[in-house]
Structures are given as C-alpha cells and as structure tokens.
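J.: Residue-level listing of the chains:
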Amino acid sequence: MIKMYDVIVVGGGHAGIEACHIAAIRGKKTLLITSNLNNIGDMPCNPSIGGTAKGIIVREVDALGGLMGKIADKSHLQIKMLNNSKGPAVRSLRAQADKITYPHNMQEALKKTENLEIKEAMVEDLIVKDDTVLGIITEAGEKILAKTVILTTGTYLKGNILVGAKNTPGGPHGERRSNHLSDRLKEYGLKILRLKTGTPQRIKASSIDFSVMKREDGDDKLWTFSLDDQPSYQVADQHPCYLIYTNAKTHEIIKANLKKSAMYGGYATGIGPRYCPSIEDKIVRFADKERHQLFLEPESLYYDDWYLQGFSTSMPEDVQELMVHSLKGLEKAVITKYAYAIEYDAIDPLQIKPSLENKVLANLFTAGQINGTSGYEEAAGQGIIAGINASLKVDNEEPLILKRSDAYIGVLIDDLVTKGTIEPYRMLTSRAEFRLLLRHDNADLRLRDYAYKYHTISEETYNRLLLKRKQIKELTNYLKENHCKLTSEVENIFKQNKLDIPKSSLSFYDLLKRPEITINFIKKIITIDYPEEVEEQVEIAVKYEGYINKAYREVEKLNKLELKEIPEDIDYQKVKNLASEARQKLTQVRPRTIAQASRISGVNPVDISLLSIYLKKEYNHD
Amino acid sequence: MEDTIVAISTALGVGAISIVRVSGKEAISVVKKVFTNANFGEAPSHTIHYGYIKDQNENIDEVLVMLMRAPKTYTTEDTVEINCHGGINTTNKIVEVLLKNGCRLAEPGEFTKRAFLNGRINLVEAESVNDLITAKTDAARNMALNNVGGMLSSKIKNLRAKMVQVLANIEVNIDYPEYEDELEVTHNILNKNLAEISTELQKLIADSKNGRLIKEGINVAIVGKPNVGKSSILNTLLDEEKAIVTNIPGTTRDIVEGSISLNGILLNFIDTAGIRETDDEVEKIGVIKSKKIASTADLILFVVSNNEKISNDELELLKEFPREKLLILINKSDLKTKIDVDKLKGYEYFPGNIFDTNGLDKLKEAIINKFNLGKIITKDVSYISNLRQIELVNKAYKSLENASLAEEKKLPIDIIEIDLRDAWEYLGELIGDAYNEELVDNIFANFCLGK
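If you're matching them up, the sequences are chains A and B in order.
At position 99 of the first sequence (counting the first as 1) the number is 98 in numbering that gives the first Met the number 0, and the numbers step up by one without a gap.
At position 4 of the second sequence (counting the first as 1) the number is 3 in numbering that gives the first Met the number 0, and the numbers step up by one without a gap.
Calculated from the structure, these hints are not laboratory results.
There's no promise every hint is true.
[As the list claims (entries may be wrong)] The calculated lysine-lysine pairs, modelled on BS3-like cross-linking and capped at a C-alpha distance of 25 angstroms, are:
{"id": "1", "chain 1": "A", "residue 1": "Lys497", "chain 2": "B", "residue 2": "Lys409"}
{"id": "2", "chain 1": "A", "residue 1": "Lys472", "chain 2": "A", "residue 2": "Lys484"}
{"id": "3", "chain 1": "B", "residue 1": "Lys408", "chain 2": "A", "residue 2": "Lys549"}
{"id": "4", "chain 1": "A", "residue 1": "Lys549", "chain 2": "B", "residue 2": "Lys397"}
{"id": "5", "chain 1": "A", "residue 1": "Lys523", "chain 2": "B", "residue 2": "Lys408"}
{"id": "6", "chain 1": "A", "residue 1": "Lys288", "chain 2": "B", "residue 2": "Lys397"}
[Claimed, not checked] What the simulated footprint calls covered on chain A by chain B, stretch by stretch (three residues with Cβ under 8 angstroms from a Cβ of chain B suffice, anywhere in the stretch; the number is not a length):
{"id": "7", "segment": "81 to 88"}
{"id": "8", "segment": "384 to 394"}
[As the list claims (entries may be wrong)] So the derived label-pair ranges between C-beta atoms look like this:
{"id": "9", "chain 1": "B", "residue 1": "Lys24", "chain 2": "A", "residue 2": "Pro566", "range": "21 to 31 angstroms"}
{"id": "10", "chain 1": "A", "residue 1": "Thr526", "chain 2": "B", "residue 2": "Lys397", "range": "36 to 46 angstroms"}
{"id": "11", "chain 1": "A", "residue 1": "Lys258", "chain 2": "B", "residue 2": "Lys156", "range": "33 to 43 angstroms"}
{"id": "12", "chain 1": "B", "residue 1": "Phe349", "chain 2": "A", "residue 2": "Ser608", "range": "51 to 61 angstroms"}
{"id": "13", "chain 1": "A", "residue 1": "Arg290", "chain 2": "B", "residue 2": "Lys397", "range": "36 to 46 angstroms"}
{"id": "14", "chain 1": "A", "residue 1": "His482", "chain 2": "B", "residue 2": "Lys409", "range": "17 to 27 angstroms"}
{"id": "15", "chain 1": "B", "residue 1": "Lys397", "chain 2": "A", "residue 2": "Pro530", "range": "35 to 45 angstroms"}
{"id": "16", "chain 1": "A", "residue 1": "Ile421", "chain 2": "B", "residue 2": "Lys156", "range": "55 to 65 angstroms"}
All of these numbers come straight from a predicted model, not from anything done at the bench.
Glycine is no exception: its CB is placed at the ideal position from the N, C-alpha and C atoms.
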C-alpha cells in the first residue's frame with residue numbers, strides 16, 4: 000500500500016525543520032525527507048544565529064512555537080545584544096552557535112516530535128495531476144503521496160561549487176545535489192532563477208596567533224532567544240571571537256589575481272547578494288578603502304576550525320593561501336577548508352502566494368533559499384509559516400498571513416511575493432517600516448495570539464502571555480496614579496543620581512517620559528516589583544509613546560488599504576490606461592489587496608488610482 | 000470616466016474667438032450630431048473641419064472644429080475643440096446644445112484631472128498646468144512652465160539625495176553594528192547634518208514665499224483716515240478711474256481692487272474704507288473689514304496728508320500694524336506742509352502727490368526694495384508655489400525640527416531617525432516618489448559590508 004501523509008517536507012535545513020515540526024505539533028501526519036540524516040540542522044555557512052533583524056526573526060519563530068530559539072539557547076558559545084544604545088526598535092540578539100551541538104540538539108528535538116517521521120532519500124520529482132501536487136518521487140523511484148508538499152531545498156537544486164576556475168557539481172560539504180528537481184519544476188511551469196552565495200575559509204585554531212588580534216567577548220548580561228527559557232550558561236563560560244583587518248599586501252594580492260576568481264574570470268552565472276560581497280568585490284568596488292574588517296569565529300568546541308568572516312572569495316586555492324597568509328596573526332595559518340562560491344536554482348518568488356503556496360502548482364509550498372532568500376533565520380521564519388499554512392490547507396482552512404505590522408516574517412514574505420528578488424534576500428531592519436513596533440522584546444505580545452489560535456503553543460504558555468499583559472496594564476496604571484512628591488528625601492535621590500529635580504510634583508508616568516529617567520531610577524523612589532520584561536515593556540511604551548502611537552496610526556492607514564481586496568479573477572487588460580509596466584507587473588504578481596499593489600515596484604500612484612476606479616466601477620468597491 | 004465632458008476653454012469675455020472643448024468616449028459622435036460638416040465623423044485624427052454648429056435646424060455659429068482621436072490628446076480620450084466666434088452668448092449657446100446632446104459640463108480642472116488619472120501627466124505637472132492656466136504675469140507663467148519641466152523636482156531630488164545618505168549611514172550602523180570601520184553617525188554628526196538640511200529646506204520655504212509672490216502677487220492694502228487721498232493715489236497708480244473719489248469723508252465703503260505689474264510681480268491694490276472710529280453702522284462694517292484686510296495684506300500703504308497735522312487716531316492705528324509691513328506715504332506734498340514728521344520717527348515714509356510721477360516712482364522703488372523684488376529671479380524659476388507643495392515642504396521642515404528636538408534630548412538614534420525619514424518621505428510625496436527601494440539600494444551602493 001502506498002503511504003499517504005498530510006504534509007511532506009523536502010529538506011532538513013532551517014526552513015524544513017520548522018515546517019515539519021510545526022505541522023507535526025499541529026497534529027498532521029508529517030514526513031521529513033532529507034538526503035543526509037546527519038545534516039539535519041546543519042550550519043554550512045557562518046557559525047551564528049541571530050544578528051540585526053535576524054535575531055528578532057528568531058524571537059518571532061519562537062513566539063509562534065518554533066524550535067530555532069530554544070535550540071540556539073542550548074548550543075551557543077557566546078551571545079550578545081546588538082545595538083543596545085541605538086534604540087529600542089533595533090536591539091537584536093546574536094549568538095555564536097556550536098556547529099556540532101546545534102544540529103545534534105535539533106535532531107534530538109525532532110526525534111521527540113510526535114506525528115513526525117524522518118526519511119533519508121533524494122527527491123527528484125513531484126507527483127502532479129491537474130496542476131496539483133499529490134506527492135513526491137525519490138531518486139530510487141519510490142512514490143510517496145501527501146495532501147501537501149513543502150520544498151525547502153536550500154542550495155541543493157543543481158548546486159555548483161566554484162573555487163577559481165574549478166567548478167564541482169554538489170551542495171555544501173561536497174554533499175550530493177538534486178540534479179533533476181528544478182528541471183521538473185520548470186516543466187510544470189515554474190520560472191527558475193539562478194542565485195549565488197559564498198562562504199569564507201576555515202582556519203586551524205592551533206595555527207592562529209590570537210595574541211595580535213582584538214578580542215570580542217559576549218555580553219556580561221545573560222540572554223535567551225526563547226521567551227520560555229531560563230539562561231543555561233554562565234557569563235564566564237562564553238568563548239571569544241577576534242577582530243582583524245586586511246592590509247595593503249592583501250589588496251595587492253587580490254588585485255593581481257582578479258582574473259583568476261570565478262566571479263571576475265566569468266566562470267559564474269548566478270547573481271550574488273550585494274550585502275554579502277566577496278572580498279574581491281569589496282576591493283574593486285571600494286578601491287579607496289585601505290582596510291576591511293574581518294572576524295575570526297570559533298565553529299565548535301568539538302573540532303578545530305575557525306570561520307574567517309568577511310573573507311568570502313571565489314579565488315583559486317593557491318591565491319587564497321597567499322591572501323590568508325598576508326593577514327596579521329594568520330601568517331602561518333593552515334586553511335582547513337577553502338572559501339567557495341555556490342550557485343543554485345531557486346524559484347522566482349513572484350510565483351508564490353503570501354501563504355507561501357505556489358500559484359502554479361496547488362498544494363505545493365516552498366520556504367527558504369528556494370524562495371530566493373539567504374540566512375538561517377529568514378529560512379526558519381518562512382518554514383514555520385509554510386508548515387502552518389500547509390497544515391491549514393489539509394483542513395481546507397484559511398491561511399495565516401502575517402501583516403507587515405505584525406512581524407519581520409510578514410515583511411519578509413510580503414517583500415518576496417510582491418517585489419520578487421534578483422539576489423538572495425537578507426532581512427534588514429531598514430526594510431521594516433514599522434520597526435518601532437516590531438521589537439525583539441514584544442515578539443510574544445505580537446504573535447502569541449496567532450500561535451494560540453493555531454494550536455502551536457500550550458495553554459500554559461499562553462496563560463503566561465495573558466499574565467504579562469495584565470501586569471503591563473497594572474504597572475502602567477500604577478505609574479499614572481501615583482505622584483512623585485518632592486520631599487527632601489526624594490530630592491536627594493535626584494541629586495545623588497545627578498538628575499534635575501522636577502519643578503513640581505508629577506505622576507511617575509510623566510516622570511518616566513523624560514529621556515534621562517529610567518524605571519530603575521523610579522524604583523529608588525517607590526516600590527515596583529514586576530518581572531523585568533514587564534517593566535521593560537512599560538518603560539518603552541511610556542518613553543516612546545508619541546512615536547509608537549504615530550506608528551500605530553500609520554498601520555491603521557495601511558490596514559484600510561489592506562482591506563481593499565482585489566478579486567482573484569481581475570483582468571488587468573481591462574483596466575483602462577494603466578502604464579504598460581504596471582499592467583505587466585500587476586498581472587505577474589496578482590496582488591491580493593490595493594495595499595500590496597501599491598508596494599510593487601513599477602506600479603505608480605496613478606496606476607493605483609486607476610485600479611481603484613476600475614474596482615469601484617466593476618466590483619462596486621469603495 | 001464614462002462621461003463626455005464639455006467646457007469653454009478660453010477666458011470668458013469679449014475676444015475674437017472662443018474655444019469649446021469636448022472630451023470623452025462620445026466626444027466625436029456628440030459633435031457630429033450638431034455639426035453640419037458631413038465628413039467630420041469619419042475624418043482622420045488631428046484634422047480641422049469647417050461648418051456650422053446647429054441647434055436642430057437653426058445655425059448658431061460658423062466654426063472650425065478640430066478632431067483629435069485618443070490616445071494622442073491632452074486627456075488621452077477622444078477630444079474635439081470647437082473654435083467659434085467670441086462673445087458670451089454664442090459660446091454659451093454652443094455649450095448648451097452640446098449638453099442637450101449628451102455631454103456633461105466639466106468641473107473646474109476636470110480636463111487636467113483626466114490627463115492625470117489617465118497617466119498622461121504626473122501630479123506636480125498637473126498642478127503646474129493649473130498654475131499655467133491661471134498665471135497672471137509672465138513670471139508666474141515662467142514658473143509654471145519650469146515646474147512642468149521638472150526643475151523643482153530636481154531641486155528636491157538633490158535635497159533628498161543628501162538626506163538618504165544620512166539615513167543610509169544610520170541604517171548601516173544599525174544593521175551592521177559590528178563594522179567599526181564605517182562612520183558612526185554620532186549625535187554630533189547628526190546634529191550637523193540636520194542643521195544643514197534644515198537650512199536648505201528653509202531656503203526652499205523662503206523661496207516658496209517668492210513663489211507665492213510670483214504666482215499671486217503682493218497684496219497692498221491702502222490704509223488711512225478719510226479724505227487723505229487714498230483713492231486718488233490708487234487711481235493714479237492704476238491709471239484708471241475705478242474707485243469713487245469725492246471730498247465727503249467716508250464715501251469709499253467698498254473694497255476696490257486693481258493690479259499692476261512691477262518687475263514682473265503683480266501688485267494687487269486694495270483700497271480700504273477710511274479707517275476711523277465711527278457710529279455709522281454701514282461704515283463700521285467697512286472699518287472692521289478694512290482692518291482685517293490690512294492685517295492679512297503683504298504690505299500696508301499708510302496714507303497721511305501733508306496738509307494736516309497727524310492725529311492721535313492715526314498714530315494709534317499705525318501701532319496696530321507690524322512695522323515691517325508698513326510704508327507711509329505723505330500725500331499732497333504739493334500743498335502746504337502742516338504735518339509734524341518727527342512723530343513718524345522710526346517709520347519708513349516719503350512724500351508724494353498724484354501730480355508728481357517722481358514721488359510715485361519712489362513709492363514703487365520702496366516696494367521693490369521691501370520685497371527684494373530685484374532679487375527674485377522671475378525667469379527660469381522653480382519656486383514651490385501651490386498650497387499642497389508648500390504644506391508638504393512645511394511638514395518636512397517640521398519633521399526636521401522634531402528630529403533636532405529629539406536630538407537635543409539625546410533620544411536614541413533610531414528614534415531621531417523616524418522624523419528624518421518622515422521629512423524625506425514628505426519630500427518624496429511632493430515629487431510623486433512613493434516608498435521604494437531607494438534607501439536599501441543606497442545602503443548597498445555606498446557602504447562596504449558583507450560576510
């Protein structure tokens with residue numbers, strides 16, 4: 000008898016993990032198929048989780064019931080809060096993760112997940128009938144049926160490893176690639192993109208002279224990604240990274256050998272990301288810069304490799320030797336793995352709906368690098384949404400679509416399906432227009448109602464959220480109702496802290512509005528005893544009230560446009576006087592709402608008014 | 000936009016010809032029904048046809064009709080323009096006939112609105128077209144033409160480019176905090192940049208005042224107690240008998256307007272009723288109105304008589320107006336001097352009379368100096384001139400002020416940036432650039448980052 004699943008996930012990377020895990024905990028019979036069981040949760044590039052914007056995505060995945068944050072908390076070598084001084088909206092956690100521990104802990108977590116089976120096989124085709132996906136076909140010809148299929152193939156679709164003029168078919172670590180799946184997808188009517196990314200050298204620890212480098216430690220404060228975890232490490236147990244710079248000699252070597260690199264020698268065809276240029280790119284494009292910053296990061300406590308961040312290149316191996324040896328402290332370095340560029344197939348994300356279901360093939364979902372993104376966190380964020388929506392599709396329920404004002408994940412998916420991408424897409428805080436609302440500290444407040452609604456968090460977890468909300472309200476009222484009376488005792492507290500004494504008595508709420516006043520200072524005057532995260536919420540809400548309210552007003556404006564839906568059957572040929580570029584883009588993207596339409600590049604405000612007029616006339620829209 | 004609209008496109012009044020314009024799906028078929036030329040309906044686009052416009056069987060006027068088929072027309076719709084003989088009756092009659100046969104009367108600006116909605120022109124251009132239509136002087140016309148050409152846009156684009164650089168730098172600091180090599184936008188740097196951008200924006204706003212002067216002219220209120228010769232001065236300036244001039248105090252009750260062009264700028268003179276305390280009800284209203292007009296005018300020409308002692312009423316009234324808006328004309332300089340000019344110390348004043356063109360030239364010169372009209376460039380200008388544009392520039396300026404305020408309070412950089420970004424977006428709105436990838440593109444184009 001042929002086996003039948005609710006959800007099949009193809010690929011055990013960061014997208015696939017979250018997809019299969021969330022589908023399974025939602026009670027769906029789920030199968031994860033991967034070409035190598037040992038590589039589940041692998042980190043083929045940088046040994047870190049989080050970073051600016053990305054750290055917030057990890058929190059969001061956690062709030063939605065995902066694994067990434069919890070596993071990272073158990074597996075890191077150091078952790079720090081970035082941008083602490085730059086403002087509440089842009090703070091973000093970044094951890095150095097151990098490349099052995101992280102996948103190991105992840106695999107253990109998946110093994111414990113109910114309703115989830117894991118199988119080792121290479122998928123080379125889909126079972127498709129009437130533009131609907133019914134299952135997958137493995138390399139060995141085995142057919143497995145499923146109500147929905149999620150592809151999270153990473154860089155494995157026709158992967159090509161490039162080192163100088165050398166071009167080797169395969170995925171990271173010399174793994175086998177999928178040779179036919181992307182061709183099949185093309186036959187089924189999907190548009191395929193060719194993308195490129197790269198990874199730098201790994202250096203043997205014992206060959207590095209750390210004494211000449213600048214040491215970079217983790218924070219003195221304990222942190223966790225997960226909102227449910229207690230820190231399980233000691234500050235002193237963290238491991239340092241190191242900072243070094245390129246120099247004139249390095250630049251000379253690169254310039255002299257430019258033609259030998261895969262990119263400049265013309266051996267590569269994929270489009271690489273602008274935010275992740277190779278070192279030769281940096282030196283060509285920023286010729287007047289005398290030096291570039293590089294980091295040495297430990298990969299694991301269980302083997303000897305250090306990751307040379309910032310030095311990614313597609314130069315041949317002999318040139319890489321010269322380049323690395325020109326760096327201070329790496330004169331005698333032993334390169335254990337050369338830097339390489341990797342090209343792979345992805346699908347044009349304009350063919351994906353905001354639910355991450357495919358527009359051409361029904362019941363097919365995609366997440367991660369196959370959708371044109373880059374990064375573990377971006378992959379995980381899509382994975383969890385694809386998993387939730389595939390399992391909702393099994394029950395014929397409406398998908399979960401996060402708004403741009405809900406989450407970075409919402410921004411990410413909306414950008415992909417609305418604007419498309421020609422290079423691997425990396426999340427940046429600057430992409431989020433409502434970033435003041437999308438903070439790392441309020442991911443639970445933003446997303447756990449969804450998580451509860453879709454049964455991805457426990458009753459107990461949800462109750463903790465409700466309690467937190469209640470406490471926030473209580474503390475806010477408490478600060479409003481109590482006044483800071485200027486007794487000599489209180490005035491002394493101000494003096495001791497070198498703060499200006501207010502001219503007259505005022506509520507603690509108003510006092511907290513002052514930029515220089517913190518809630519910790521107020522605690523010296525009155526007793527406040529709430530969990531730190533409650534106090535933090537209140538402090539941010541009071542301090543930046545004006546800015547936050549303004550952001551909410553803008554969200555409201557946008558939401559009005561988001562409510563203006565565009566009928567799925569609209570024929571853009573019939574909308575009069577649209578500019579031809581707008582007509583073509585609208586036809587291609589098929590936006591769900593007027594708001595989404597207005598975000599498509601090449602669609603101008605005039606086109607939006609014409610479209611609105613047409614909808615009003617044809618569909619009686621307001 | 001199903002309706003076919005009609006309107007008289009030339010200024011109403013007595014002229015040699017008038018043009019009636021019809022635009023919309025039915026434009027050609029409606030005109031065909033009322034036009035005697037049988038070839039008209041099938042004729043090729045952009046051709047001219049001779050014949051009569053008729054109302055049933057009665058010929059109304061002998062006309063030339065221009066036929067322009069979509070899309071190469073102003074509105075991009077089928078358009079017909081009827082050149083008829085001037086005169087309000089004939090022209091109105093033609094419009095009436097067209098209305099009877101299926102057209103709707105166009106709302107003000109509707110042809111331009113259609114051109115905009117049909118994607119033929121952008122918003123700034125649409126606004127400029129409107130300015131062009133209503134331009135009263137050559138300078139105003141030049142300004143409108145330049146905006147159509149996009150000179151204003153390029154000015155604002157430059158300013159935005161400057162802003163986006165600061166924004167991108169801040170964003171880089173935020174998104175790539177580990178890059179110590181990139182310039183950190185500290186409070187000092189931000190302060191300096193905010194000040195620079197503010198200054199440029201202030202210049203735009205100052206220019207926008209010039210823009211308004213060019214477009215609308217300078218409103219000059221002529222104020223003074225009764226019988227000092229305000230109306231005769233006005234008439235002399237206007238070279239025509241418009242205001243009622245008598246010797247009975249208080250007869251000029253209505254506001255009389257007339258305009259002259261000075262250095263290409265329109266001077267709109269407003270005669271006010273003689274301002275004095277009065278019990279006469281009609282005159283009282285006039286007095287209140289006059290004070291109000293004087294307070295909203297750009298310039299107050301305060302007229303006193305050389306032949307009389309200056310009264311306390313006049314001195315009291317003078318105090319009601321801001322000094323920088325005042326010019327005092329000591330009229331009737333041809334009569335015997337009884338005025339005590341010492342009492343006008345601190346005010347700008349000069350003698351004159353209606354028989355002395357020299358004195359009036361001095362008045363004009365004083366106005367030119369006061370408004371720096373010599374400095375306003377009335378050719379190749381691209382001042383911001385309409386209300387929507389001025390409002391957006393003001394909003395942008397306000398946002399910058401907020402950013403500076405937040406900067407003073409030493410709020411975190413990502414909070415200060417909110418206002419700076421707002422300012423940048425307001426200016427984007429002004430030139431019709433919606434949110435786009437500009438910022439992200441700038442980050443990658445100008446900063447060296449990567450793994």
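J.: Hint numbers the structure violates, sorted upward?
T.: Of the numbered hints given earlier, those the structure breaks are 6, 8 and 16, listed in rising order.
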